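2 protein chains.
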Amino acid sequence: MPINCSPSRPLALDDVERWDAETDVLIVGFGIAGACAAIEARNTGARVDVFEVAAAAGGSAALSGGEFYLGGSGGTPAQRAAGFDDATEDFFKYLMMAGGPGADEARVRCYADNAVAHFHWLVEQGIPFKGTYLPGKWLEPLTDDTLIWSGSEAAWPFAQQAKPAPRGHAAQLPGWGAGKLIMEKLIARALDLGATAHFNTRVLALVADRHDAVHGIVARIDGELRTVRARKGVILCAGGFICNDDMVRTYAPQALGCPNPTTGGNDDGSGIRMGISVGAAAIHMDQFFATRPFFPPESLVKGIFINEAGQRFINEDAYHGRVTHYMLRQPNGRAWLLVDEEIFARPVTNPNIDIAATGDTWLEVEHELGLPKGELTHTVESYNRHAAAGADPIWHKAKAFLRPLAKAPFAALSFCAQDYPATFFTLGGLWTSTDGQVLTPAGEAIPGLFAAGRTACGLPRWGEGYSSGMSLGDSSFFGRQAGRRAALTG
Amino acid sequence: MPINCSPSRPLALDDVERWDAETDVLIVGFGIAGACAAIEARNTGARVDVFEVAAAAGGSAALSGGEFYLGGSGGTPAQRAAGFDDATEDFFKYLMMAGGPGADEARVRCYADNAVAHFHWLVEQGIPFKGTYLPGKWLEPLTDDTLIWSGSEAAWPFAQQAKPAPRGHAAQLPGWGAGKLIMEKLIARALDLGATAHFNTRVLALVADRHDAVHGIVARIDGELRTVRARKGVILCAGGFICNDDMVRTYAPQALGCPNPTTGGNDDGSGIRMGISVGAAAIHMDQFFATRPFFPPESLVKGIFINEAGQRFINEDAYHGRVTHYMLRQPNGRAWLLVDEEIFARPVTNPNIDIAATGDTWLEVEHELGLPKGELTHTVESYNRHAAAGADPIWHKAKAFLRPLAKAPFAALSFCAQDYPATFFTLGGLWTSTDGQVLTPAGEAIPGLFAAGRTACGLPRWGEGYSSGMSLGDSSFFGRQAGRRAALTG
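Keeping their order, the protein sequence lines are chains E and C.
Here my numbering is used: position 256 in the first sequence is 255, and no number is missing along the way.
Here my numbering is used: position 51 in the second sequence is 50, and no number is missing along the way.
Same shape as in the complex, but just chain E:
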């Protein structure tokens, strides 16, 4: 067995002496994309083998909040029950805005048209949704409710261009972490349907012919190198690359150094590297999700963020990840949340947050922060004057969150980089068609190769536009697409 191969270098088909095993659809990674790909591929009758490097299935999705970003078609049952008739065009428009300058219109269109059907499919796989609506601003429901506002839908500039609706759909589980439940159901379904899982199995490289068509993989199985032929296709569902410091440094250096990345631990970029090894385009590799959550409690949304110039820089009712991206680009990475006594609280995710300054007047706070005289005080004076009139002509925060910060004592909570590290995961990945075919920079499909989940660059591809549930929604939906397309190949 030649071992002159790696995720960055395929094994040449001509060098394969024999295939140690064969299957139809070979899936790399048993997280949410891999599970959904396996289900759909099995539904066509194809033989399916899933190779997972960990000792168990689940991937990063199993550690997540278990939310799917869904809407359109007049609303999911949960949206309709709560009185939101979510038109497909509003959902489409929001997703296009959330995708940023590189939004993939075909991908967004496909998802927006089919997300409600996808909700029903998720239910059919056994995932429970209570169907109830939880108003307010939350990271995830602490209750077992279904529907929450999980993005920037109601915030400027999104709300001005797409009619807002809550679209985060969490599985029914009290408390955080419904991702575990979701993955239990999807894994069980894939296995019940007859997919074969191989755990503790590291896929080392693709097997490709002289024209870069993919024919299988090389894996380490029970300590032995084995070649496995995939008659119909290989689907890369091996996650992103936040666990691979070298890749983060090379591709997304701004996401380096986060002490607690959002991952199940195996987002090592090997799936992306395998795609690149056969000529795939990897796109938006610099983009990442980032957050320093500041709500709940929701009262803190009534505070205002300022930078070291004493300026506000965003409407504070935007999604916490969007606000965090704006924080990251402020001078010296410094930002503070200004609050008065009435709304004072500590973020639930950071109960020991550093209180950088307090004062009986805003002038005292300004002085204690060491900011140029007159700027913070002007900013608060202006904000308070407009807020008293129910307006925010400068940064357009919604009226519900506007009130003057006028009840002393006052405080500045530190959201500076050194005081409150952000958490990250990567959004860049392989360029794929809507049915999961991996593409070259010229947009040509690489025969035999598919990708989904964070190995692909999906709906979420712009840190400023991320909304909770977009990654699970994308990974499950386009995992299905890839599984079906691969199974129907050849």
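It is worth saying that the hints were derived from the structure and are not from the lab.
Lysine-lysine pairs mimicking DSS-like chemistry, simulated, CA-CA at most 27 Å apart:
(1) E:LYS92 to E:LYS398
(2) E:LYS398 to E:LYS162
(3) C:LYS129 to C:LYS184
(4) C:LYS92 to C:LYS162
(5) C:LYS372 to E:LYS406
(6) E:LYS372 to C:LYS398
(7) E:LYS162 to E:LYS92
(8) C:LYS406 to C:LYS372
(9) C:LYS179 to C:LYS129
(10) C:LYS372 to E:LYS372
(11) E:LYS162 to E:LYS129
(12) E:LYS398 to C:LYS372
(13) E:LYS372 to C:LYS406
These numbers were taken from a predicted model, which means no experiment stands behind them.
Since the structure of chain E is already known, use the hints to place chain C on it.
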């Protein structure tokens, strides 16, 4: 001849029936990187063939200002003559800051240590430098002087961390466009040394073996497809991708739609695609140079930029490309330069600039721009108060550019996206070692493949940090590195 190949798909070595021609070092693209690579490769005695798609050599460099960003080692002769002893560590530190979060320390170190020697080499190739210093802020010298401030060296935060020195070195030619002269000299030198040039020749694909090692190219020569073997290596010097709308849309969507990109016309991304086709990492593909020049005249640097919140957002003495990147991210892409009668002027590059508002008071200007009441006026009042004291505690503009904007009438020049389109070129490209070897995502060199110029991701890899002369400096220096390394291979 099989033609199932493209820049995105190599021709398999096993499919090559015969080599139509052979050389030692095969260079794709006869711009500045290709010319410098050819000179160094010929200096080792290797046979060198250069394939250029255009009818003549020169590439984008021939249309440029002809500036090289050089310094360190106590200064170039021009720097020393003007009294600037530019320490290598200051030059290094500046280049690291200019490279942004993804700066390549090994590349920066190699360049900082050797840039003065590189200046002497450029002189030896026949490029004339008058050696004189032109103070002030310029895009390029309109005179035939050599040395100008061509970046953000003297501006916050660069000046606080690296002792400033002017480092833009322009070839001796009155007026703009010394790039033409530079290329005449380098092309002549390469040809005099015995490099063979092939014009009107499009390289279609690499030829690679089953392990992705590169052995040659397929080109269209005189209307015929020909294979050319490269015994020592192929060097991709085919420019960036600003001319390829599909690639810009895929990789750098924020740079789409520019009516006048900065290019000689053949930056079609084919070099980058060829690298990707054999497993190379393409990095920082989202990054681009952008500018809406606002100086000269230098007096305009004494104005202040505001966004639609009426806020300043940068020190206006920073490099024009850096200021432009900050403009691009302001809400709705809107920004205006506020000036008073004393400094009023129109940028030389935009003599028909839209004057969005005028007034005898700043309140009138604020009103005419339709901005929230009290913000612009606060910003000017605060700026003027501090400027009168020679300080800018908020955005740290250097003292030389501080004076109150107090002499009516006042005006706001529009730098809004729709009024003043920016010009762009791309900065992302193939990941390379300091000697030009093209690397996989794992950092392994691809045998037989090298890259330089904007086909590679070089010193300039962060739009906010670009300085004039960085691209020519990088392309010429690392073109030499690649030429030498390829010639010494095997």
